[in-house]
Amino acid sequence: MRWLLLAALTVLLVLPAWINSYAVTVFIFIFFYAFLGQAWNLVGGYAGQLSAGHAAFVGIGAYTSALLSAQAGLTPWVGMLVGGVLAAALGTVVGYLGFRFGLRGFYFVLLTVAFAEVCRIVALNTDAVGGALGFYITFTGNPRQFQFQDNRVYYYVALGLMLAATGIVAAIERRRFGAYLIAIREDEQACEALGVNTFRYKMLAMVVSSFLTGVGGTFYAFYLFSLQPNSVFGIPLSVEIVIRPIVGGAGTVLGPILGSFILSPLAEASRIYFGQGGWSGAHLIAYGLLLIAVVLFLPQGAYPALRRLWVKAGAR
Amino acid sequence: MSAAGGPLLEVRGVGKRFGGLQAVHDLSFEMARGEVLGLIGPNGAGKTTVFNLLSGFLAPDRGEVRFAGRSLAGLRPHAVCQLGLVRTFQIVRPFPHLSVLDNVRVGALARRPRMAEARERAHAIIEQVGLGAKARQPAAGLTLAERKRLELARALATEPTLLLLDEVMAGLNPTEIEAMVGLVRSINASGVSILLIEHNMRAVMTLSGRIVVLSFGEMIVEGPPAAVANHPRVIEAYLGEEYVHAPAR
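Here the protein sequences line up with chains A and B, keeping their order.
The first sequence begins at 0 in numbering that gives the first Met the number 0 and counts up one residue at a time.
The second sequence begins at 0 in numbering that gives the first Met the number 0 and counts up one residue at a time.
Since the hints were derived computationally from the structure, they do not count as laboratory data.
Fair warning: there could be bad hints in the mix.
What the hints assert, rightly or not - Here are some, though not all, of the chain B residues that point toward chain A, as calculated from beta-carbon distances under 10 angstroms:
{"id": "1", "residue": "V79"}
{"id": "2", "residue": "V85"}
{"id": "3", "residue": "Q89"}
{"id": "4", "residue": "R110"}
{"id": "5", "residue": "A154"}
Stated by the list, open to error - To list a few chain B residues with every Cβ distance to chain A over 10 angstroms, as calculated:
{"id": "6", "residue": "G19"}
{"id": "7", "residue": "T47"}
{"id": "8", "residue": "Q81"}
{"id": "9", "residue": "P95"}
For every residue, glycine included, the Cβ atom is placed at its ideal position computed from N, Cα and C.
Using the sequences and the hints, build the whole thing.
In structure tokens form, the structure reads like this:
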């Protein structure tokens, strides 16, 4: 398993030299969504708290670094961290309200969606951040401004983000923090009885998750150069973040990456294929069907299923 | 002033009401260190509510619970557990997708934050409760008797001073009960005080040094097993008034 991962990593590292710019773009989205999925995975997968409003953190991070760069000349490399901190602050508020008052299941989902929607509506109606027109970033190609002439640099930045988040999640999984999150997902009351401060650990998971997601917002802003409240705070983005880890295997280190490698190319391919014939919404239908299939046949996601196959093959 | 010589557990005038039901009324009792105290009473007498009040899952409306000289008022269950008072659940709540070992390790992490140490400790406890052969199996696949042992093992892994056992014998066959009695006794011998809710009379009479009887949320009798078993109020509570004066055969 370890050798397989190392081989895959090596391939990803040398790949940009061999593929065209369009393929590089596809990989950038694979990595970026895997990164966001990994950040969500901590609170949604490991701790089992289904946040369906993670776009709020992307948006906060994106607007923060974009505004700081445009208004105060702060480099997005620093703005990225500021955005992460502000997203974590919002995560703390959402987490506190949800966990202190014991909102579970659908109610927690609704709470997180509501917060993201409030962010979206506030951004839509605040002229200082561009309002409904959105906020545009001028392209300078200056690396200090998180802008690169060569698409491949974005490739490596996105790959770096994905690997960093995966490293963080892997490290958490091997520690008490991770063991507690998994146990909380299994049975919260039993955890409390066994001395686990469930509130504290759920909050910690939320803070780390929203921080990372907020950091991702800067990449979003300075890769796409345009922030539209409906996109960056919208429910569709929250859904994109959630479904990759679910399809790949929520609560596993490799699940979000696997899910992104399955779904991101699928989204891209179906968008091209259906988009030309005026069927522009059809890729969402394809998505929906795949999600139904996963829920029916691989309820724990693709990674646990693959792992079982791997173990079986090894046992033979 | 956590006097090592004072009582381990003091329950003073504790009451709890759920709407129109007085679940526990003015309950007071004490436990000494090292004691096994049986808590018995008919169904609905309020025994599990008492456990919830002691372990921080419910807050009493009135009265106070002190553990090792310290008031438990306002403490959440995890904090109570950290102080050394841990409970099991009547309806066992294993982490179903985790292995037996990982289940017990969650308990062990309360005192041993390093995963390797907690794992080692969990292994030792799994052996102690006789689940060694099942360590790697997911908890969902265990039999009821094994789940009861797992519930006990997990609580034990938090290294408690006082262990609250809620019907660990329920649903077990006579052989399994005998084994469980032996296990509880050995845990007590290792220095853990035990408060036991139990419907199995033989088990509770054998294990307990003293018994508290609850009926409709009130303590009706307290004393050594033999005295309690023959007490008219206990017979009345379990069987009804007409049996109290029935000629003994």
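Interface hint status, B:Q89 versus chain A (Cβ within 10 angstroms): violated, 12 angstroms
Proposed interface contact between B:R110 and chain A, which counts if any beta carbon pair is under 10 angstroms: Hint holds; B:R110 Cβ to chain A Cβ min 8 angstroms, cut 10 angstroms.
Hint check, B:V85 versus chain A [nearest Cβ-Cβ separation less than 10 angstroms]: holds, 7 angstroms
10 angstroms cut-off, C-beta based - B:T47 kept clear of every residue in chain A: B:T47 is indeed farther than 10 angstroms from all Cβ atoms of chain A, at 13 angstroms.
Distance rule for B:G19, whose beta carbon must clear each one in chain A by more than 10 angstroms: Check passes; 24 angstroms lies beyond 10 angstroms.
Status of the stated non-contact between B:Q81 and chain A (beta carbon gap over 10 angstroms): violated, 5 angstroms
Agreement of hint B:V79 with chain A interface, Cβ distance less than 10 angstroms: holds, 9 angstroms
Distance rule for B:P95, whose beta carbon must clear each one in chain A by more than 10 angstroms: At roughly 7 angstroms from the nearest Cβ of chain A, B:P95 sits no farther out than 10 angstroms, so the non-interface label is violated.
Interface restraint verdict for B:A154 against chain A (beta-carbon cut-off 10 angstroms): Because about 7 angstroms separates B:A154 from the closest Cβ in chain A, which is inside the 10 angstroms limit, the hint holds.
When held up to the earlier numbered hints, the structure conflicts with 3, 8, 9 and fits the remainder.
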